[in-house]
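Residue numbers (this note's numbering), protein chains in the order written: chain A, 1 to 249; chain B, 1 to 256.
Honestly, I wouldn't trust all of these hints.
One-sided excerpt, in silico: chain B residues whose CB lies under 7 angstroms from chain A [unchecked claim]:
1) Leu50
2) Lys71
3) Gly72
4) Lys74
5) Met82
6) Phe84
7) Gly86
8) Pro102
9) Met105
10) Lys109
11) Phe226
Looking from chain A toward chain B, a few residues come up when the C-beta cut is under 10 angstroms (computed) [claimed, not checked]:
12) Leu9
13) Glu11
14) Lys25
15) Ser105
16) Thr116
17) Asp120
18) Ala121
19) Glu123
20) Met124
21) Val127
22) Asn128
23) Tyr132
24) Ile184
25) Ile188
26) Val229
Keep in mind the hints are simulated off the structure, nothing from the lab. None of the values given here were measured: they were computed from a predicted structure. All residues carry an ideal CB built from backbone N, CA and C; glycine is no exception.
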Amino acid sequence: MLKYIFNELGEYFILLGKVISKPEKWSIFYRQTMREFIAVGINSVAIIAIISFFMGAAVGLQTAYNTENPMYPKYLIGLGTRDSMILEFSSSVAALILAGKVGSSIASEIGTMRVTEQIDALEMMGVNSASYLILPKITAAIIFNPFLTLLSIIVGIGGGYLACTQMGGITSEDFIYGLQYGFIPFYITYSLIKTLFFAFIITSVSAYQGYYVSGGSLEVGRASTKAVVFSCLLILLFNVILTQLLLRK
Amino acid sequence: MISVRHLYKSFNGREVLTDISVDFKPGITNLIIGQSGSGKTVLLKSIIGLHEIDSGEVWFENVLFNKLDFKGKKEIRKEIGMLFQGSALFDSLTVEQNVRFPLDMFTDKTLEEKTERVNFCLNRVNILNSNNLFPAELSGGMRKRVAIARAISLNPKYLFCDEPNSGLDPKTAILIDELIHEITGEYQITTIINTHDMNSVMEIGEKILFISEGVKCWEGNKDQIFDSDNEKLNDFVFATSLAKKLKKNNNQKEKV
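Bound conformation, chain A alone (with noise of 0.2 angstroms):
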């Protein structure tokens, strides 16, 4: 178990010294982040955007009835959900969701390119294939997930209002006095640098999935399984550490 733990980590840490290298030519790198952008970025919006609505209205409701004592000024409501999507919600488990759309279809994608024999291809015409299949992904998911993390955040926020002011018996202005108080910015900081990280393994982890299959369709399948799975534990438990190290006082 320990040796099998150490050769993936191993072959994972080769790769990613192949995928870190200067690109063949900056036009056809800056294209293909382009075109990433948008596979890995932009076709996420309407996903996060849809859940974090609802979830920020779970949020904002289920604080409401915990919070039903009149002892608990109405306040709080707005305040939990502000803190519960920023620090959580918004970047854990937005990347537990991303890492099973995005994870899932970037292993699918680069295990049937090895499995058709594309990345044999890039490798016979002397290109460096995990640097020019790789690459990309990770540029433009470190750069655009910070922005799906916002987003999140705003609309999440915006679930939890409509849902606390139509449904959970709290006025707007309650709430927003709830959004403003004790407002730390620096939570603002900790979970874009967890989402930082969170977009480096999703990408990371799932293209190594994907480039190393060997067989046919069912073992891309079996790689796409994988790389969510342990997406979503690396996530999991950098989620910890970062915690950790970025909140303590």
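Once you have looked at the hints, place chain B on chain A.
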């Protein structure tokens, strides 16, 4: 010219190629034939460095290819065109973009010059008015031809074809064979073709290497193949009843 000397290759301790030595000359079609699993594809991939060999030498002209580092191999690979068994066209690119890909990667030509070259290559393989189609929209034969166009776009000195006829009907297969043969002669390319298609052997087998269970068993050309008394070669070449009848007729003619 490509020369292979005492090449050995194994996977997980199982020897797949044993002591292969052969020369492949330019301007003629060199065929590697053998049963499925005999080691043809491994030999081809070992020659071009997609598999690391255990021991032996692979020479491209006067350059010992298998001892080169990544950069050195990259320089040689720019002179290599490769036609894969499944064509290996990039799914996300159109026909034109596929053929233009090596030009985009390795030349500083203008877009007009590249488009001109792409159209020339596509015309050469008789693909017309399909520049904007994606590989999924092409037939098997068209895909092979586009792959040939991509392989020759950089004017390669060496062309490798891994079972170019697999999955094609006999008529299209002959067209592909003829195309490869013509291009080889026209540009004096050193062409190596992996095949187990006997039509190819009879049509374009200017030099034939027969391997069985990873061992070189016979070397010759399409005219010599009928007269060979190599048992393994005869078992392979004349496996079908049609081929047996051909050989019988040939022997009878010789007696007369």
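Exercise for the section: Please name the hints from earlier in the document that this structure breaks, with their numbers sorted from lowest to highest. Expected result: 2, 3, 10, 11, 12, 13, 15, 24, 25, 26
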